[in-house]
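K.L.:
Letter by letter, the chains look like this.
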Amino acid sequence: MGSNRTISVNPDSLRRMRPESEEADTQMLGAAEALRTALQQARMACPDLPSLDPQLCDDVALHYQRCRVVADEFDLVAEGFVSSQRGGLPSVFSRKLPSYVGPWADLNTDGNRKWIDERLRAAREAGDAKVRGVATAIRRQLGLVEARPFTVGRQVFQAGFEVGAGVSVGAEVEWEVEELSNGVTTLTLRKFNSVALGRELEASLAWGDRRVGPKLLAELGFSVKGGEGWAKTFPSRSQAESFMADHLAKGVAENLHVPVPLVGLFRDKVADFANASGMRDAHVEETILGGEASGSFKSKLDKALAGADALASAGLTASAMVTEERDSREKTETDRLAIVGALSVELVAGRALSLGPNVVAEATVTRDSTKENKGQARSMTLRLAFDDKAGKIPELLGRPQPAAGGVTGNDTHRYEVQVNVDLTDVRNAALQNELSTRSGLEGRLDEDANALAQLVNLDRDLLARSAVSVIEQAPLPSDEYGVALNAVALGAEAGVTRSGYRTVEAWQKVGGEAYRQIDLRP
Amino acid sequence: MNDWPPHLREDVLFDHDAAFRAAWAIDEMLGRLSWAADHRRRLSEDVLCSCQGPFVDHLKDEVRLSGEEAAGLAERLRLVRSRIADAREQALADEIRLEVARSEWLAAQRRAAELLALVQSAA
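These protein sequence lines are chains A and B, in that order.
For what it's worth, our numbering labels the leading residue of the first sequence as 8, then goes sequentially.
For what it's worth, our numbering labels the leading residue of the second sequence as 6, then goes sequentially.
Looking at chain A on its own, in the form it has when it is part of the complex (with noise of 0.2 Å):
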């Protein structure tokens, strides 16, 4: 279809498609209350008075809701016809749309409904911002409560190596693949290298030739880790594993080109790793920075202590992580701060104990990186991750502990409680200023660290607007394979492993609703 570059429209006429002002829609909205009151009072005095289509009021408040989301529309599009005449670019009306969103169908029957779900549907895996608007208007303005598509599976791949003594550096290869809840898997390659720093310091008590207590073994361990990541969106997980397969292969035979295989993950040719990889046309870049600083203590124990060869150990590591997302297809920055911290003990001596919490606070703040409304803040999601036993779900929605018969057991299982919050709701403008700003990646650093600062205070109202997931994870099986060597004075280490998890169990409230239980795809 052609289209029409001599538009000459007024953008103030397309702002006049409002024609119910507030002023007439109270009127109007007033004449059908009369109404209502009126039926009843006649019904009242005279049951035998014949129906009077008592939906009648309600539909036409609808109409009059749908009839706000085409004067939205033409609003939207005065705004883009502005902007396209600022950028010499009349074309807004002759765009290609074919997921555009109207509000025009009778939510009454199954049919419509499904209809307008599609299109919803349609809208949300579309990239274009308009529309999405458009799709996010019509839900408020209708009253549709969303389901936000929630984490139902996620394997990691994991290549590395490092080298070094004392000052040991690194570089690692990942792959990630995200299921979500509406089938859209998201394939993300991550390349990082790394610089750490450890010491060893040993501690024991002698008398004569003859140790007294335990021997102290301390590990503190400091590292600096950085990285690209490119990720891609496909509509189904065995698309994404597919295209991994293919491209993990070709990507390993690009490294095994250089004469030290893996080393070749320390060139600098970022660029040339990604097509490698299959990356090329990736819609999502990413970079990567953070720190990590560990401790252990380890006690060697004496036979006649513990009776047996026996090691007690206990660990405390915490790491901060910051990711910048450039999403050119939404043209959108997003900052994740990660904090993780990890708590562990150990006593080996036949068996093994583990005990401790691996906990994840993370906040992310979406921005609009378009000229127009660069640094404008547009959703921040707060997550929070930890391990637990299984079948914790009941405690952290404060219900009743099931019956016996529930799924309970000594095994670890991971939980996620998720706060995704719309900034573009009026209701949240004071945080979305706030948490807007226009600066580079340091200065948003401040605004991101109040975001992830909403995770320890949350504002009760904010949270009731807001959609809420909470998930229980189980550990799908994990493989690990590795090499150490070891000489006069340079160690090196190189490894593989595969871990993932699987969403169990899902529940989620949105607006403020009461939690249901999702149903999880086979």
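Calculated from the structure, these hints are not laboratory results.
All C-beta atoms in this analysis are idealised placements derived from N, C-alpha and C, irrespective of residue type, glycine included.
Treat the hints with care, as some may be off.
Some, not all, of what chain A presents toward chain B, calculated at C-beta under 7 Å [unchecked claim]:
no. : residue
1   : L36
2   : A41
3   : L42
4   : L46
5   : A49
6   : C53
7   : L56
8   : L59
9   : P61
10  : L391
11  : A392
12  : F393
13  : D395
Anything over 12 Å on all C-beta distances counts as not near chain B; from chain A, calculated [unchecked claim]:
no. : residue
14  : E40
15  : Q47
16  : Q48
17  : G173
18  : S175
19  : D253
20  : G285
21  : S335
22  : V367
23  : G405
24  : L430
Keeping the supplied structure of chain A fixed, place chain B upon it in accordance with the hints.
P.N.:
Frame of chain A; chain B shown alone:
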């Protein structure tokens, strides 16, 4: 208060005030619906006349569908108004019939009383 016989005791149940207000609200809504639909149609014809493309087609569809729904609602409003008018006319007719029957009953009572008085005076 007369002591009506059982078949004349019940008044006709109809709230004329509620019916009047309902009819007024319907007239008001019909006018506003029609004006708004007409405004959308004329404005979209004006602003979209020189444009073409799928997006424009969608917008035109939206306006057309809004007009169709407004017309459907107007039809339903008119139907309710006509049912209310029928019920009001029926109620008025019933009231008139009741009043006539009551007057006839009163007249019959009066004639019977006069006849009784005449008989007593003759006796």
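K.L.:
Taking the hints in turn, state whether each one holds.
P.N.:
Hint by hint, here is what the structure shows:
1. L36: This interface hint is violated because 10 Å lies over the 7 Å limit.
2. A41: Since chain B brings a Cβ to about 4 Å from A41 (chain A), closer than 7 Å, the hint holds.
3. L42: holds (4 Å)
4. L46: holds (6 Å)
5. A49: Cβ of A49 (chain A) sits 4 Å from chain B, so the hint holds.
6. C53: With a minimum Cβ separation of about 5 Å from chain B (threshold 7 Å), the hint on C53 (chain A) holds.
7. L56: holds (5 Å)
8. L59: At 5 Å from the nearest chain B Cβ, L59 (chain A) passes the 7 Å test, so the hint holds.
9. P61: violated (10 Å)
10. L391: Violated: closest Cβ of chain B sits about 42 Å from L391 (chain A), beyond 7 Å.
11. A392: At about 42 Å, which exceeds the 7 Å cut-off, the nearest Cβ of chain B leaves the hint on A392 (chain A) violated.
12. F393: At about 47 Å, which exceeds the 7 Å cut-off, the nearest Cβ of chain B leaves the hint on F393 (chain A) violated.
13. D395: With Cβ-Cβ at 50 Å, over 7 Å, it is violated.
14. E40: violated (8 Å)
15. Q47: violated (8 Å)
16. Q48: The claim breaks: Q48 (chain A) does not keep its Cβ more than 12 Å from every Cβ of chain B (closest is about 4 Å).
17. G173: About 63 Å separates G173 (chain A) from the closest Cβ of chain B, which puts it past 12 Å; holds.
18. S175: holds (57 Å)
19. D253: holds (35 Å)
20. G285: holds (32 Å)
21. S335: holds (22 Å)
22. V367: At roughly 43 Å from the nearest Cβ of chain B, V367 (chain A) sits farther out than 12 Å, so the non-interface label holds.
23. G405: holds (44 Å)
24. L430: holds (27 Å)
Checked against the numbered hints above, the structure violates hints 1, 9, 10, 11, 12, 13, 14, 15, 16; every other hint is satisfied.
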